[in-house]
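Listed below are the residues making up each chain.
2 protein chains.
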Amino acid sequence: MTDIFIAGVGMTAFGKQLDRSLKHLGAEATGLALADAGAAQRDIEAVFFGNCVQGHMEGQDMIRGEIVARAMGIERVPVINVENACATASTALHLAAAYVRSGAADIVLALGAEKMFSTDRARMFGAFDGAWDVHETEANRDILLAMGEGVAVPEGTMSTQPYSIFMDVYAAMSRAHMRTYGSTQAQLAAVAAKNHVHSTGNTLAQYRVPFTVEEVLKAAPIAYPLTLPMCSPISDGAAAAVICNATGLKRLGGGRDRAVRILASVLQTGSERQPTDYDRHVSRLGAARAYELAGVGPSEMDVAEVHDATATGEVIEVEALGLVRPGEGGLAAERGETAIGGRIPVNPSGGLECRGHPIGATGLAQVHELTLQLRGEAGGRQVAGARLGIAQNGGGIVGVEEAVTAVTILGR
Amino acid sequence: MTDIFIAGVGMTAFGKQLDRSLKHLGAEATGLALADAGAAQRDIEAVFFGNCVQGHMEGQDMIRGEIVARAMGIERVPVINVENACATASTALHLAAAYVRSGAADIVLALGAEKMFSTDRARMFGAFDGAWDVHETEANRDILLAMGEGVAVPEGTMSTQPYSIFMDVYAAMSRAHMRTYGSTQAQLAAVAAKNHVHSTGNTLAQYRVPFTVEEVLKAAPIAYPLTLPMCSPISDGAAAAVICNATGLKRLGGGRDRAVRILASVLQTGSERQPTDYDRHVSRLGAARAYELAGVGPSEMDVAEVHDATATGEVIEVEALGLVRPGEGGLAAERGETAIGGRIPVNPSGGLECRGHPIGATGLAQVHELTLQLRGEAGGRQVAGARLGIAQNGGGIVGVEEAVTAVTILGR
Chain A
999 MTDIFIAGVG MTAFGKQLDR SLKHLGAEAT GLALADAGAA QRDIEAVFFG
1049 NCVQGHMEGQ DMIRGEIVAR AMGIERVPVI NVENACATAS TALHLAAAYV
1099 RSGAADIVLA LGAEKMFSTD RARMFGAFDG AWDVHETEAN RDILLAMGEG
1149 VAVPEGTMST QPYSIFMDVY AAMSRAHMRT YGSTQAQLAA VAAKNHVHST
1199 GNTLAQYRVP FTVEEVLKAA PIAYPLTLPM CSPISDGAAA AVICNATGLK
1249 RLGGGRDRAV RILASVLQTG SERQPTDYDR HVSRLGAARA YELAGVGPSE
1299 MDVAEVHDAT ATGEVIEVEA LGLVRPGEGG LAAERGETAI GGRIPVNPSG
1349 GLECRGHPIG ATGLAQVHEL TLQLRGEAGG RQVAGARLGI AQNGGGIVGV
1399 EEAVTAVTIL GR
Chain B
999 MTDIFIAGVG MTAFGKQLDR SLKHLGAEAT GLALADAGAA QRDIEAVFFG
1049 NCVQGHMEGQ DMIRGEIVAR AMGIERVPVI NVENACATAS TALHLAAAYV
1099 RSGAADIVLA LGAEKMFSTD RARMFGAFDG AWDVHETEAN RDILLAMGEG
1149 VAVPEGTMST QPYSIFMDVY AAMSRAHMRT YGSTQAQLAA VAAKNHVHST
1199 GNTLAQYRVP FTVEEVLKAA PIAYPLTLPM CSPISDGAAA AVICNATGLK
1249 RLGGGRDRAV RILASVLQTG SERQPTDYDR HVSRLGAARA YELAGVGPSE
1299 MDVAEVHDAT ATGEVIEVEA LGLVRPGEGG LAAERGETAI GGRIPVNPSG
1349 GLECRGHPIG ATGLAQVHEL TLQLRGEAGG RQVAGARLGI AQNGGGIVGV
1399 EEAVTAVTIL GR
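So the sequence lines, in the order shown, correspond to chains A and B.
To convert, take the position in the first sequence, counting from 1, and add 998; that gives our numbering.
To convert, take the position in the second sequence, counting from 1, and add 998; that gives our numbering.
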């Protein structure tokens, strides 16, 4: 199969950017990715643009990518507008790679951009409602929340402030994991503390404040066992990658020594299963396929970026990816195995919990991090000698499970 | 390049279907396409799902395709949610073809589904607002409407009922065409009358009532020179196509003799130009590329389905596609050249004006029509001996021109 390369990456700082438009964010990330690839606007033969909430937030849907492309001076080429809930940017990457492989283009752009912050908090948190089947929200929510039964919720551990319904689901998933495997709230805190320490090395992260396990446990509660530093925030931001084949790489000149290969890009949807049937977890299915395509196994991974929308997300995902044994996602963090310097560093960027989670951009932010890591350009957060990296990016709920997971394996 | 085939097509009746959900419409079109291709759900390796307005209409965005796929019993495969305003379904087709060509799958589904009707008329017509740059709507609208200056608007020829802003833009485009080429309102009426006569042969069309030129001219005004039968209606509906390579076609068994080839699928965005600079019209650029890819010319086309969101749309598009001489799109209809039995039949299905325009489904409805025509299965509206067909599907406005046009050439 044709080799597909990441010739360059770029991303904005993630955070609250009320004064910047989607065009500004998209243009900045694209400009950085083009410069990183040694490419100009005219080199881009197609744009795969991911965004989720601009329709909900400001009535802009349908042609979001064309608007951003025009603002960036990219004209006359195919522009594809993609959505896949929190896995949107990985979907853009998946399509970009397939498009180049199809022979339709040599050099294309995958871009994810999202503006979520608003002074209208109800609208802001309501943006997540569309990531469920709106005709089944209550029925599915009840089934998902029932997962958490059988584990006592201590008094005063549920926030009274508005937050996304997804945090209640993650809390129920956390308690189900505690019940099934005997995992603990302290283990979740270890995941979060590790990611917050990692984030101090990432100048683009939304939060860059180190936390101890004790500080995470004592922080403001969201929904037991989750506390605030265990949860990804609302974010604005954009991330981009220039994707090409060998011909494209040659055309860009000089980039080959820094190019990273896409060894596998898998999009996996689920099928009916019980929420705690971890063996049929959508990420387990997707990862199995990705390892097969890449011809490598989980033990060969040097670094991982996974979808820690909460610390529990990281726990479940590192297990599903086979990076740790079933039930030991939290324990691995407690033991330091998933910290930079450990056996398999996870979320050296700080993850969604600290880097932030502009949902249509996150998948490409993960790819941005892995690309820097595999090129040895991650500075103070560099994972020594990283040659193979894996990213997992999940999104939405259909029925009672994740709607989609994207698993990407990159290599030098 | 790998041959890419349409193994089967299916579509629902278009029209007002308040009691049916997006899932029902999508499942019906898919079931028909699968049956037509001799395929089962388990044969489908990826789904490209197009929809534009469900976020606006009912808060459902992000994972629309996964929801519909699950309702259809298609599980565990990649599902891609695509938007591109009124060119959404053609974009799904474009991606489906590229995905198969990339080697990622042998058999995939392209599906467009849209529910637009609502008892809330303000919300219903507001659905089109997202197809503009919402931060520039007024400035761009003023420039576009100024196109129509210099042609007098007779009294009583502007509707006072609510309608889509796009009809005002099309009215201005109509008057600019009249001013530039001396085309007439009667020519536009000839286009509409021709399509309404065509529609009487299409049992899936929203309107199947023949009109004479005089009846079109005397009908209720929308925005001069447009009257009601010259304008596409609000519609609900879905259309689907099973796309595959030769391996897939073999696997499906027996379909080869009916398979239609995709000779070209081009997505074209525009660049800065004056609205009346017809030589640089986005469809002219897209068509030139499509003819080049297919290795055929406009004179070889046997049948066309073009984006007659209004009769003026058809006039401008048949000129841009090179099917008639510049300025003669209306004249060609008046002369009967674009009617079934004429030199180059255009919109034998009745077009958007009569078949209806569920915006996320229209591109695949055009492909449905061309596929039937090229297979000789179009019944009373069959274009005799059709071997090559072209579809053009446009969408949205960026700056002051069409955001995107899709040009597809099919052949036996």
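Derived from the structure by calculation, the hints contain no laboratory data.
Mixed in with the good hints, there may be bad ones.
For chains that are exact copies, the list does not tell them apart, and a pair is met inside one copy or across any two.
Subject to a maximum C-alpha distance of 25 angstroms in a straight line, what follows is the list of computed SDA-like cross-link-like pairs (lysine to any residue) [unchecked claim]: (1) K1248 x E1153; (2) K1216 x E1136; (3) K1216 x A1069; (4) K1021 x E1290; (5) K1021 x E1270; (6) K1248 x T1201; (7) K1248 x D1017; (8) K1248 x G1101; (9) K1021 x A1137; (10) K1021 x G1124; (11) K1014 x E1147; (12) K1216 x R1333; (13) K1021 x R1139; (14) K1021 x Q1159; (15) K1021 x G1057; (16) K1021 x I1141; (17) K1248 x P1208; (18) K1021 x T1201; (19) K1248 x M999; (20) K1021 x E1332.
Determine which of the earlier numbered hints do not hold for this structure and return their numbers in increasing order. 1, 2, 3, 4, 6, 7, 11, 14, 17, 20
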